[in-house]
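Peer 1: Under the working numbering, think of the first position of the sequence shown as -16, with each following residue one higher.
No wet-lab data here; the hints were simulated from the structure.
Ideal Cβ placement from N, Cα and C applies to all residues, glycine included.
Some clues are possibly wrong.
Distance windows between CB atoms, simulated [said to hold, decoys possible]:
(1) 381 - 338: 22 to 32 Å
(2) 225 - 258: 40 to 50 Å
(3) 436 - 147: 43 to 53 Å
(4) 398 - 104: 52 to 62 Å
(5) 438 - 109: 51 to 61 Å
(6) 277 - 365: 27 to 37 Å
(7) 365 - 437: 26 to 36 Å
(8) 312 - 404: 25 to 35 Å
(9) 183 - 119: 13 to 23 Å
(10) 381 - 436: 20 to 30 Å
(11) 219 - 443: 50 to 60 Å
With a Cα cut of at most 20 Å, we get these calculated DMTMM-like pairs of lysine to aspartate or glutamate [stated by the list, open to error]:
(12) 232 - 312
(13) 94 - 64
(14) 399 - 217
(15) 94 - 163
(16) 399 - 312
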Amino acid sequence: METISMMGSPKNLNETFLPNAANGIKDASKVTIGIIGSGDFAKSLTIRLIRCGYHVVVGSRSPKHAADFFPHVVDVTHHEDAVAKTNIIFVAIHREHYTSLWDLKHLLVGKILIDVSNNTRVDQYPDSNAEYLASLFPDSLIVKGFNVISAWSLQLGPKDASRQVYICSNHVQARHQVIELARQLGFVPLDLGALSSSREIENLPLRLFTLWKGPVLIAISLATFFFIYSFVRDVIHPYTRNQQSDFYKIPIEIVNKTLPIVAITLLSLVYLSGLIAAAYQLYYGTKYRRFPPWLDSWLQCRKQLGLLSFFFATVHVVYSLCLPMRRSERYLFLNMAYQQVHANVENSWNEEEVWRIEMYISFGIMSLGLLSLLAVTSIPSVNSALNWREFSFIQSTLGYIALLISTFHVLIYGWKRAFEEEYYRFYTPPNFVLALVLPSIVIVGKIILLLPCVSRKLRRIRRGWEKSHVIEEVSGSVPHLSPERITVM
-16 METISMMGSP KNLNETFLPN AANGIKDASK VTIGIIGSGD FAKSLTIRLI RCGYHVVVGS
44 RSPKHAADFF PHVVDVTHHE DAVAKTNIIF VAIHREHYTS LWDLKHLLVG KILIDVSNNT
104 RVDQYPDSNA EYLASLFPDS LIVKGFNVIS AWSLQLGPKD ASRQVYICSN HVQARHQVIE
164 LARQLGFVPL DLGALSSSRE IENLPLRLFT LWKGPVLIAI SLATFFFIYS FVRDVIHPYT
224 RNQQSDFYKI PIEIVNKTLP IVAITLLSLV YLSGLIAAAY QLYYGTKYRR FPPWLDSWLQ
284 CRKQLGLLSF FFATVHVVYS LCLPMRRSER YLFLNMAYQQ VHANVENSWN EEEVWRIEMY
344 ISFGIMSLGL LSLLAVTSIP SVNSALNWRE FSFIQSTLGY IALLISTFHV LIYGWKRAFE
404 EEYYRFYTPP NFVLALVLPS IVIVGKIILL LPCVSRKLRR IRRGWEKSHV IEEVSGSVPH
464 LSPERITVM
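My request is simple: use the sequences and hints to build the entire structure.
Peer 2: Written as structure tokens, this is what we have:
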């Protein structure tokens, strides 16, 4: 076969490297890695392997044309020559082209084939691509891996993208070799065991914001509800009662009334799930009973709910800063000044209103600062720099403080208006009254859990104490293992 650029092939075709071999890991410069395919992923993988000191041989259907797109040190040749020169081969072609390697079946016996392919949709085929490749070449060692890494991250290095690489195979020795190869390339390999896990690995890159769907749907639903609620109260009501057109309030004022309610409601949902989980453990007297699926999903989405709360709060601040810039606000200010002059009022200072606004803004700034701290500590790079006690203090203790300060922020905003009849338009409560419902429930629930009699029992349960043990000891029955007892939360 014709070879475009010549590079010395390994002296021993059986030479490979093992992570725990007796002789240790061999020098990467003495190892040749093969790649079947000449697409974008193959090019990026080749560059990455060369930077890490490996020799690379690329197999292509058109080696003359493909050689122009690879570094000159790369041996670009036909599939048959590439397969013959190495024992570790990346299969960087699509599933429908696997059969094109059928004529090379006798050359692939005992060699490691790393399948890096992905599908276009979840569960596209009855079996995974790696399992299909294993059925075509049963005498080869099939390993699934590197499919969650993009060509872009291969070129820039793992520091600019996710470093995790999921690897699975039915052959332990081959799996360990690929794991060590991933480490040499600067990635963090995760061993998922047998090749049956390849189906899940291939579905990973196709999932779009799996944990975000529920929280985003909740946020959109809350925003839609409170926007319509504010629109009916602040625009429709004055129009039907006094023929007053306040439709200009829709773009800024109505939106700005919706944002803080959604923010504090989402923040309350973050900690409400923990209170329900604590009540669940107190009720059953054990920590080993599995939570209901809805509660388990809720607990897993707390980070997303908190980040969405921070997003709505930040946008609320931006909208609030833009309120004085509106033309309507300037007209209202001039009208108020004219009415004051017309009424011959020299000083309109209101001590109570001044103190209310000062405290209202102060509590708002403090709550936004704490929310910013919660959001920053949820970043993986910052999170990894904290131990568990520090992370728990910020996310739990400071989180509840942020919720408490936000509640004060809303209370001071409402002030006495919650008790004035004119603010109950269409017999509906003001927006801030609805915003206080869920935070009040969470704060009261947390106070109950902090009571010594409750916190002491909850602490014992989370340390392994079970109510069923006490009942068995009193009744004298023989303890037995049940699925609920041995299931770890």
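Peer 1: Evaluate each hint against the coordinates.
Peer 2: Each hint tested on the structure:
1. 381 - 338: 22 to 32 Å: holds, 27 Å
2. 225 - 258: 40 to 50 Å: With a Cβ separation near 44 Å, residue 225 and residue 258 satisfy 40 to 50 Å, so the hint holds.
3. 436 - 147: 43 to 53 Å: The hinted range 43 to 53 Å holds for residue 436 and residue 147, with Cβ atoms some 45 Å apart.
4. 398 - 104: 52 to 62 Å: holds, 54 Å
5. 438 - 109: 51 to 61 Å: Roughly 52 Å apart at Cβ, these two residues keep to the hinted range, so it holds.
6. 277 - 365: 27 to 37 Å: holds, 30 Å
7. 365 - 437: 26 to 36 Å: Since the Cβ atoms of residue 365 and residue 437 sit about 33 Å apart, the hinted range of 26 to 36 Å holds.
8. 312 - 404: 25 to 35 Å: holds, 27 Å
9. 183 - 119: 13 to 23 Å: holds, 21 Å
10. 381 - 436: 20 to 30 Å: At 26 Å between Cβs, range holds.
11. 219 - 443: 50 to 60 Å: holds, 55 Å
12. 232 - 312: Holds - the C-alpha atoms of residue 312 and residue 232 are around 11 Å apart, at most 20 Å.
13. 94 - 64: Holds: residue 94 and residue 64 sit about 14 Å apart, inside 20 Å.
14. 399 - 217: Judged against 20 Å, a Cα distance of about 18 Å means the pair holds.
15. 94 - 163: Cα-Cα ~16 Å, so holds.
16. 399 - 312: Between residue 399 and residue 312 the Cα gap is close to 24 Å, so the pair fails against 20 Å, i.e. violated.
In this structure, only the earlier hint numbered 16 is contradicted, and the remaining ones agree with it.
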